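*Asks:* Protein sequence lines correspond, in order, to chains A, B and C. Counting from 0, one number per residue, gives the positions in the first sequence under this note's numbering. Counting from 238, one number per residue, gives the positions in the second sequence under this note's numbering. Counting from 3, one number per residue, gives the positions in the third sequence under this note's numbering.
Treat the hints with care, since some could be wrong.
[Unchecked claim] Here are the simulated BS3-like cross-link-like pairs (lysine-lysine), alpha carbons at most 25 Å apart as the crow flies:
(1) A:K311 - B:K271
(2) A:K309 - A:K232
(3) A:K261 - A:K282
(4) A:K386 - A:K305
(5) A:K386 - B:K271
(6) A:K282 - B:K295
(7) A:K357 - A:K72
(8) A:K179 - A:K311
(9) A:K232 - A:K74
[As the list claims (entries may be wrong)] So, partial list: chain A residues that the calculated Cβ filter (under 7 Å) puts toward chain B:
(10) V40
(11) R42
(12) A161
(13) N223
(14) C249
[To be verified] Simulated restraints on C-beta separations:
(15) B:G420 - C:F259: 45 to 53 Å
(16) A:N235 - C:N105: 27 to 35 Å
(17) A:G128 - C:A295: 44 to 52 Å
(18) C:P79 - B:H323: 30 to 38 Å
(19) C:L53 - A:Q345: 44 to 52 Å
(20) C:R112 - A:G125: 20 to 28 Å
Worth flagging that the hints you see were computed from the coordinates, not collected in a lab. Being a predicted model, the structure only gives us computed values, none of them experimental. Ideal Cβ placement from N, Cα and C applies to all residues, glycine included.
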Amino acid sequence: MKTLATAVAAALAAMALGLPSGATAQERTVKIAGFGAKSGVVRSFGVNSEAAMLAAAEDINKAGGIKLGDGAKGKVVVEFLDDRCTAEEGISVIRRIASADWLVAVGPTCSNVAEPLFGILQKKVGDAGDSGLQMPVFTDVAIKGGLAKISEWAFRNVPSEATMYSSLFNHVRTEFPQVKTIYGGVEEDFAHSRASWYAVMKDRANANGLQVLGESKWLLNDTNFATQVREMKKANPDAIAIAAHPFTTCGVLKEMQRQGVKPKLLIGLTSSSSLETLEGCAKQAEGMIIPTSFAPVNAQATAAAKSTAKFKGNADLHSMAAWENMFILKGVMESENVLAKPDSVQADRRKIRDGLAKLKTTDGLLGTTRRTADREAEKPYVFVRAKNGEWTVYHNPL
Amino acid sequence: MFDLLQSILDGVMFGATYALIGIGFTLVFGVMHKINMAYAAASVGGAYGGLLVLVAFKGAPAWAVFLGACLAGGILGYVVYLACFHFIPLGSPLATLMSTVGMLLLIDEVIVHSTDGMPQNYPAMFDDVMLQVGELSIRGDLLLIFGASVACMAALLALLYRTRLGLATRAVSQQPVAAQLCGIRVAQVNIATFVITGVLGGLAGALIGASVGALSPLLTVPLTVKGLIVTVIGGLGSIPGAIIAGLLVGGFENLFQQFRGVTERDLYVMLLLFVFLVFRPGGIFASGAGRD
Amino acid sequence: MDFYYGLAQIIGVHTLLGLSAYILLLTGQVSLAQAGFFAIGAYVAGMLTVLTGWPLLPALAVGGLVGAAVACAVGFPALRVRGLMLVIATLAFGEGVRLFFFNFDYQIARGDLRVGPLGGEGFRQIRYFPENGWTTLEVMLFIWAIVATVMAVLWWFDRSRYGAVLRAVGEDEVAAQSVGINLTAVKVSAMTIGGAIAGIGGGLYAHYTTHIEHTSFNILVATFALAYPIVGGLASVFGTLAAVVFVQGFLIEGLRFLGDWRNLLFGALIVLAMNLRPHGLIDARVLARLARAFGGGRRA
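Let's have the full structure, built from the sequences with the hints guiding it.
*Replies:* The structure is reproduced here in structure tokens:
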């Protein structure tokens, strides 16, 4: 009985202990929460985003911090919470963040967390009959199309695949005149990849005069691609576009090598332009072209990558969006006169939301990003190509 | 017509990987009458362990990595036994089931933490060999896996029926109390079972990794499910059953995929399992009278 | 406080999930199919409130009924297999349900939006709670009213003949048959009740996450459904509750301060719990002590 009581008490204490506490009255800290997946196959995303946010916070603090509304200086404090890529935990995490004194949350990683999470936010600002959460969420990674319009408190800084692939296929039409036909490979059970092929790549390829011969389908943890690659071989396309994540992309590429399928052009999914694909199958991915919203093409991009590496994170289009978000938030906080006082938390959150909504352009590492009316982003991009085990910039339309 | 045949052949060959995993599941079940849900995870874990060979000796040949995987698998098998079976009383099958689930989660997380979840390139043997039989082509490395399954089956059957350890194992599986009365140390037999299936699992994991070309934590849960299905269809405790069931499941998978597409494929595999459960609940090779 | 209310909501729904497996475990049936009934309840209740505008309580009730009906249909073939074969058969069924919803499209136009389940993309915008102005506290109280009712019903079963019959079948089928207990009726009824509970839980899940997709009902969920009653102990319904609090409250939320180690400890602590307390956190001995401390008299 006593042991049971102590066990229950300890459990309750641990539950309470876990809740982030409020800031002390003396130092003015600007608390920005990060959250995303640090478990499972998507762990690298969380690790990289956290590193980018910590690196950005360090840079901001070194340069004097954030100028607050009453003239004081605020030190940026970042904490990253793991939502394990599950909807319930993501919702729990955002409630935890909202219950404490974090001013804004950057995340999540997974689109299947973003969608439910945005769903519990207040849909329209100021709607008294809507009991949704009033917490600004600024997404760095979750890329499934059209999510930000679910709530006016949701903002995203993710690349628009429609724009990038439009440009890519336009480029293909002019630079690769020998490529006339294209065949697709798509991960059917992952909403992002699926939408990317059917709604974006296929559509844009057609629009640019390429004949789409069809597509092969598989599931995200499939391991046998013989049938699918055989279909590709039979179709004999000039180009193959693979809308899948690194694990199955590598599986398909290796099967293609085995069956001797060598298209003139290989196109990949935006998310696959990361270290993961190269770790898995650098040799087979040689020559693959992917449009991406980050590559170290200028001084500030390289510097950001170096700072992030100090915190043991990799700089790619996902983590660098988190980096950009930090600086965008700094700008918004300063222009909206955020106070960062213990009693101004909800007011600050509203100011941040309104500030983000007002933005028409933001500074991206690759150039100016345009913000759209439904709170999404149109980011500048480059095309990268896998060469000798590295993603090198192949075409820079900037 | 040839497309269909080729598709089925591809599936059957890939089914050799399921066969390998199935052998381990069915063996543990046959001896201890308990399911080890952590088996596939331990096998994949063993395969990852094999990669440590590459870390230590850059450029080591594929077979060295496979050997390392066998070793790591054996060690993991022992750890799983210790954590999930040794201390829990035999009369609590639910407790061992849950503890193996906990072990599955733990092994998964350890893999994710040490590799940050990223797929790891895996060395392969004969992965560029394609044999041509008329119009049909067969993957060389899958043939190797099939050969390995048969070899493992032969080795295990020899072990079970020709050695003292095998005798003791069969005794324990049939009548643990009587076996103890005859002086057989049940704990030792169980440890041996886990280590041997662990070694087998490590080899299975390594060969699967080689056939896919990359290792990823994504492999653990689907392999667990396939392994369990193969075990049931083949007959709980029957090693040749596991092999045949593995090939069968692989072939049907591709057949269903050909006809109904990839999104409905697994649905039909489940239906196949139900058909077996209804018409032949003991599996293809129903094992001797076993309880539960 | 919002966070604690949210956590209580999660604990409530997971308790329902656990209880649906609990009642089956009492009869000795280890079922990994509960996530399937959970999914059925979720999609049915979601479709009723979103597509046809039903109020929540009737939608949940129908979700539970459909779950019960499917469970009843599953209960009969499930009699043919036992022990670990049943585990795998129910696992396959659960996966089958998930795959069904993976392929299930049913959208209607609502103004310029299309609403309804869309196969792999899931079923979005199930916004009954926020649209009707329910606060987190109100949702939590609603969920717990349902959970308390279900727990009360199961607790009452345990004190009545039905509970004794369930446990008798679980302990020794042959002996139970020999005293005239109809095995079929008992097992199928347990499966049906389990399906109903899971269906209601699923309906609640759909509404408080606002977006469901086939991956929300995968093998891991099915395993957790089973884990709660096993880790908690089969002696009483409070065992399952204790296990849910242990897993969701302590392991998942309470250990956050450990950062990265939390995930590693998750599996390890479950293994430890099973080794230290193989009959569950609240087993018969603990229950007896609690009964003596609170009740004084002997349990019926």
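*Asks:* Starting from the range 20 to 28 Å, see whether the pair C:R112 and A:G125 falls in it by beta-carbon distance.
*Replies:* Given range 20 to 28 Å: holds, Cβ gap about 23 Å.
*Asks:* Holds or violated: are the alpha carbons of A:K386 and B:K271 at most 25 Å from each other?
*Replies:* Answer violated: A:K386 to B:K271 is near 50 Å, above 25 Å.
*Asks:* Mind checking the alpha carbons of A:K179 and A:K311 for me, to see if they're no more than 25 Å apart?
*Replies:* 43 Å, violated
*Asks:* Holds or violated: is there a CB of chain B closer than 7 Å to the CB of A:N223?
*Replies:* A:N223 check passes; min Cβ-Cβ to chain B is 4 Å, inside 7 Å.
*Asks:* Can the suggested window of 44 to 52 Å be confirmed for the beta-carbon pair C:L53 and A:Q345?
*Replies:* 35 Å, violated
*Asks:* Honestly, do C:P79 and B:H323 meet the 30 to 38 Å range at C-beta?
*Replies:* 36 Å, holds
*Asks:* Between A:K232 and A:K74, is the straight-line Cα distance small enough, at 25 Å or below?
*Replies:* 58 Å, violated
*Asks:* Please verify whether A:K386 and A:K305 have alpha carbons no more than 25 Å apart.
*Replies:* It holds: about 21 Å lies between the C-alpha atoms, which stays within 25 Å.
*Asks:* Can you tell me whether the CB distance of A:N235 to C:N105 sits inside 27 to 35 Å?
*Replies:* For A:N235 and C:N105 the Cβ distance comes to about 30 Å; the hint holds.
*Asks:* Can you verify the interface hint for A:V40: is its Cβ closer than 7 Å to any Cβ in chain B?
*Replies:* 4 Å, holds
*Asks:* Kindly confirm whether 44 to 52 Å is satisfied by the beta carbon distance between A:G128 and C:A295.
*Replies:* 47 Å, holds
*Asks:* With the threshold set at 25 Å, check whether the alpha-carbon distance from A:K311 to B:K271 stays at or below it.
*Replies:* Violated: A:K311 and B:K271 sit about 43 Å apart, past 25 Å.
Checked against the numbered hints listed earlier, the structure breaks hints 1, 2, 5, 8, 9, 12 and 19; every other hint is satisfied.
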